[in-house]
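Novice: Sequence:
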Amino acid sequence: MKSGYIRVSTARQADERTSLDSQKKALLDAGVAPEHIYDDAVVSEKQ
36 MKSGYIRVST ARQADERTSL DSQKKALLDA GVAPEHIYDD AVVSEKQ
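Under the working numbering, think of the first position of the sequence shown as 36, with each following residue one higher.
Because the hints were derived from the structure by calculation, they are not lab data.
It should be emphasised that the depicted structure is a prediction, and the values quoted were computed from it without experimental measurement.
Everything hinted at is true.
Simulated pairs of lysine to aspartate or glutamate, EDC-like, Cα-Cα distance not exceeding 20 angstroms:
1. LYS37 to ASP56
2. LYS59 to ASP74
3. LYS60 to ASP74
4. LYS60 to ASP50
5. LYS37 to ASP64
6. LYS60 to GLU70
7. LYS59 to ASP75
8. LYS37 to ASP75
9. LYS59 to GLU70
10. LYS60 to ASP75
11. LYS37 to GLU70
12. LYS37 to ASP74
With these hints in hand, go ahead and build the complete structure from the sequences.
Specialist: Below is the structure:
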C-alpha cells in the first residue's frame, strides 16, 4: 500500500488550492489511492 502526504504553507496556496491539487495529482499518477492521501494546509506566513 502506498500513502502520500501533501502540504501547503502559505495563505495564498491554501486559498487557491493550486499547490494541493497539483501535489494530489502527482500522487494519484504515482499510484496512491485517494483514501491514502493526507493533506495539510498549514499557514505559517508572518503577518
